[in-house]
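Number of protein chains: 2
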Amino acid sequence: MANQNKNEAITSRSVDFAKWYTDVCRKAELMDYGSVKGFINYLPYGYAIWEEIQNYLNRQFKAHEAQNVYLPMVIPSSLFNKEKEHIEGFAPETLVATYGGGEKLADPLIIRPTSEVLFSDLFKKAVSSYRDLPMLLNQWCSVVRWEKTTRPFLRGSEFLWQEGHCLFETQAQAEKNALDMLAVYDACGKDLLAIPFLKGRKTEHEKFAGANATYTIEALMPDGKALQAGTTHDLGQGFAEAFGIRFLGRGNTLQSPHQTSWGVSTRLIGAVIMVHGDDNGLVLPPAVAPIQVVIVPIRQDAEGILEKCHEIEAKLKSMGLRVKVDESDHTPGWKFAQWEMKGVPVRLELGPRDLANNTVVMTKRVNGEKVSASIEEIEEAIPSLLQTVHEEMYQKAKAYLDSHIDEAHSLEELNTKLDKGGYVKMAFCGSIECEDKIKEITNGGTARCIAVDTPEEGSVCPVCGKKNTLVAYFAKAY
Amino acid sequence: MANQNKNEAITSRSVDFAKWYTDVCRKAELMDYGSVKGFINYLPYGYAIWEEIQNYLNRQFKAHEAQNVYLPMVIPSSLFNKEKEHIEGFAPETLVATYGGGEKLADPLIIRPTSEVLFSDLFKKAVSSYRDLPMLLNQWCSVVRWEKTTRPFLRGSEFLWQEGHCLFETQAQAEKNALDMLAVYDACGKDLLAIPFLKGRKTEHEKFAGANATYTIEALMPDGKALQAGTTHDLGQGFAEAFGIRFLGRGNTLQSPHQTSWGVSTRLIGAVIMVHGDDNGLVLPPAVAPIQVVIVPIRQDAEGILEKCHEIEAKLKSMGLRVKVDESDHTPGWKFAQWEMKGVPVRLELGPRDLANNTVVMTKRVNGEKVSASIEEIEEAIPSLLQTVHEEMYQKAKAYLDSHIDEAHSLEELNTKLDKGGYVKMAFCGSIECEDKIKEITNGGTARCIAVDTPEEGSVCPVCGKKNTLVAYFAKAY
Chain A
127 MANQNKNEAI TSRSVDFAKW YTDVCRKAEL MDYGSVKGFI NYLPYGYAIW EEIQNYLNRQ
187 FKAHEAQNVY LPMVIPSSLF NKEKEHIEGF APETLVATYG GGEKLADPLI IRPTSEVLFS
247 DLFKKAVSSY RDLPMLLNQW CSVVRWEKTT RPFLRGSEFL WQEGHCLFET QAQAEKNALD
307 MLAVYDACGK DLLAIPFLKG RKTEHEKFAG ANATYTIEAL MPDGKALQAG TTHDLGQGFA
367 EAFGIRFLGR GNTLQSPHQT SWGVSTRLIG AVIMVHGDDN GLVLPPAVAP IQVVIVPIRQ
427 DAEGILEKCH EIEAKLKSMG LRVKVDESDH TPGWKFAQWE MKGVPVRLEL GPRDLANNTV
487 VMTKRVNGEK VSASIEEIEE AIPSLLQTVH EEMYQKAKAY LDSHIDEAHS LEELNTKLDK
547 GGYVKMAFCG SIECEDKIKE ITNGGTARCI AVDTPEEGSV CPVCGKKNTL VAYFAKAY
Chain B
127 MANQNKNEAI TSRSVDFAKW YTDVCRKAEL MDYGSVKGFI NYLPYGYAIW EEIQNYLNRQ
187 FKAHEAQNVY LPMVIPSSLF NKEKEHIEGF APETLVATYG GGEKLADPLI IRPTSEVLFS
247 DLFKKAVSSY RDLPMLLNQW CSVVRWEKTT RPFLRGSEFL WQEGHCLFET QAQAEKNALD
307 MLAVYDACGK DLLAIPFLKG RKTEHEKFAG ANATYTIEAL MPDGKALQAG TTHDLGQGFA
367 EAFGIRFLGR GNTLQSPHQT SWGVSTRLIG AVIMVHGDDN GLVLPPAVAP IQVVIVPIRQ
427 DAEGILEKCH EIEAKLKSMG LRVKVDESDH TPGWKFAQWE MKGVPVRLEL GPRDLANNTV
487 VMTKRVNGEK VSASIEEIEE AIPSLLQTVH EEMYQKAKAY LDSHIDEAHS LEELNTKLDK
547 GGYVKMAFCG SIECEDKIKE ITNGGTARCI AVDTPEEGSV CPVCGKKNTL VAYFAKAY
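Sequences listed follow chains A and B, in order.
Counting in this note's numbering, the first sequence runs from 127 upward without gaps.
Counting in this note's numbering, the second sequence runs from 127 upward without gaps.
Since the hints were made in silico from the structure, they are not lab data.
Just so you know, same-sequence chains aren't split out, so a pair can sit in one copy or run between any two.
Distance condition first, Cα-Cα at most 25 Å in a straight line; then the derived DSS-like pairs of lysine-lysine:
1) K153 x K188
2) K188 x K443
3) K230 x K208
4) K208 x K163
5) K153 x K250
6) K163 x K274
7) K524 x K602
8) K163 x K250
All chains, please: the whole structure from these sequences, using the hints.
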């Protein structure tokens, strides 16, 4: 927003990756810090990325028959305590309101950390017959979790997310929904964010408390750490039973519905920053970039230059593209550095010589490659260039992920390889006991997800020696 | 959502207007009550109306160069107390969090009732030069105000709204922005909600504490009471000075910027319900109706009926219209009543005789009029019918408003006419003393807005006798 901090150096990734990250967040004006620790201001350039993610996901959710709702931001503590197994995971992390209208509240209000409890309460009133099912609801909101260590977009005391909550007649439908939504999240990575994910089921330790199964998409950051980017939960009938949600089934008997929930958060913005960024700053995928093309006039005082820039801008805008002409009084070199830092996917330069030749030079942020096009062809050239940029960004990230998946056949090997960063595949029987042991020895490494969910012939769990086991991905994680 | 409450009678408006209102809110499944008093669940059918309002306003805001952001939902009480004049209006209405992560907070956190304080804090960091101005920001969020008496959409302890906050170099720019945004809200009424508003400036008593001027759009409800539907504020330099927001001006001197804020809330949904609804339930303007056309098959088991219904549905959907075929196992009569209650603007019936004649019968919810069209022409007939429905709804509401504006020339006359309901125009000098006296005698009537803002020749303030005064609209209000 303010210009005073621009064009200052960003800490190099190799010097201090964590510092590089916060430098980029602040200097690219994605966010700044609020007045309460862990609460951030989502600035226009950062929030616009979230709006593009919302638009994409809303279309997908609606295609899956989910409808948006908005439920209260507060949960009475008496209701919050109803689903015991669930609350243990959240109670110490909550923000609690105790005064309303100047008076002490008899039943303190928890600021929502997640809304399973409220959706369950709503479902109880809204569902009575199998005709009311399936019921697929989604909510866009912010949630509060009182975190000790916070980082912009990655872990905050307040963050923006969506939470889907659905009820189904049968377990098979619920399971299918949890997997369908995982596929939606995975496609969001591939088509929108240019991020490849590992998909899989969470282990017993890592799954959502009270769920039958949790599914996850996991991204790999350049520092070798995994980032959980979204989860879907097959919640079974536990919440329904705790809240007394019942419906009259086809056989005229009272039944408990099968529940799912699924969510992604502004953490996806953190993934975009880390996966694609470089020492010059942000590199944004075209589909979410608030500015997709920046037009930099060279010698903007020369005759016809600005006019032509605005003519191109108008053409591209009429095609629905997000374009900006930078006619500030800075030098072209300053502008190049500035828009590079802000990660604009394509820079278009236009000077007197270009005007004479009827061409423009376009530079791809992802790799600095330059491409020329005639001004007449600009309406075809830009969309296809943006598509190319998206592909190149995805392939670059995919190559990094693929080259950072190793294998281990013993705990020692796992530990050594985890220390190098990246994912390590290892046979794993799936038991809590073995997972405990692995956690104990790996110094921060955890099972990120199960890679092969049906017993693989010949594999041996290195902890208990069980044969023909599952295979899991392990990594150190954010 | 659940079907069990459908097709039950709604209280007649003439019997109990307040009961009619809550009946419609609940039976049309716009909302239901949460577990904390004053906090409601916005159900899919109600929330979808809000999403259409958001889409419309986001386009308008962006056309006025405003950018969306998201700021924290909590305000430290120490910061909240900074702008003294402002806090007096809100302190008794706040929800206050005092525990975080299991520990007592040193500085309790106010759940935001409005975000002037947070935006001012952000501006302080973001603005340093006239080059940073104008800065136009907007936020979509929920706010909490601890209300004693609450009604769905009209007054709640939590409600959804947007709040625009802007900074300008000059007072003239700020004033213009406050009036421009008032025009946006007014157009939202005319073009989207089919609601005519009275526009004007608030009196000293009714304006936002600390503002130079507050502008308002006021709607008239069928019970004769006014509803304030949106406001814009020219805040002057007060907040900027309290928060130390300064910028280096063109003359190289430090200056305080001029600030505005503007907002509308889910109260607009309440206005839609009351202005258009009737004893059969909701009547929704086509532009915000979640379902614009419902197709009811007559003898849906007869050959070709359902196929043709779905063919029409697909055609209309491909044009971007929101359409539903009701193929539930209820009778056509039940369906007619059901979709009437839910306020669907156009009902399309199709039975074997229609199929044979290649025609459909369409019924307009606003007045029950029936129109026929050939099935081939349906793609032209429906959009033009929806436009007609919008016009008819607007004209009906406008005729009601126009016929309920009376005039008074003395306090006695004002009082008698206010008791009959509707607006009463009266000369008014604008002084706080006279406004106090009017308030005292009118038993709940208040100045809604100033109708004529430049002294009108010949008018006399009936309280103090001053000549050539302003003219104000008075009414009892929600």
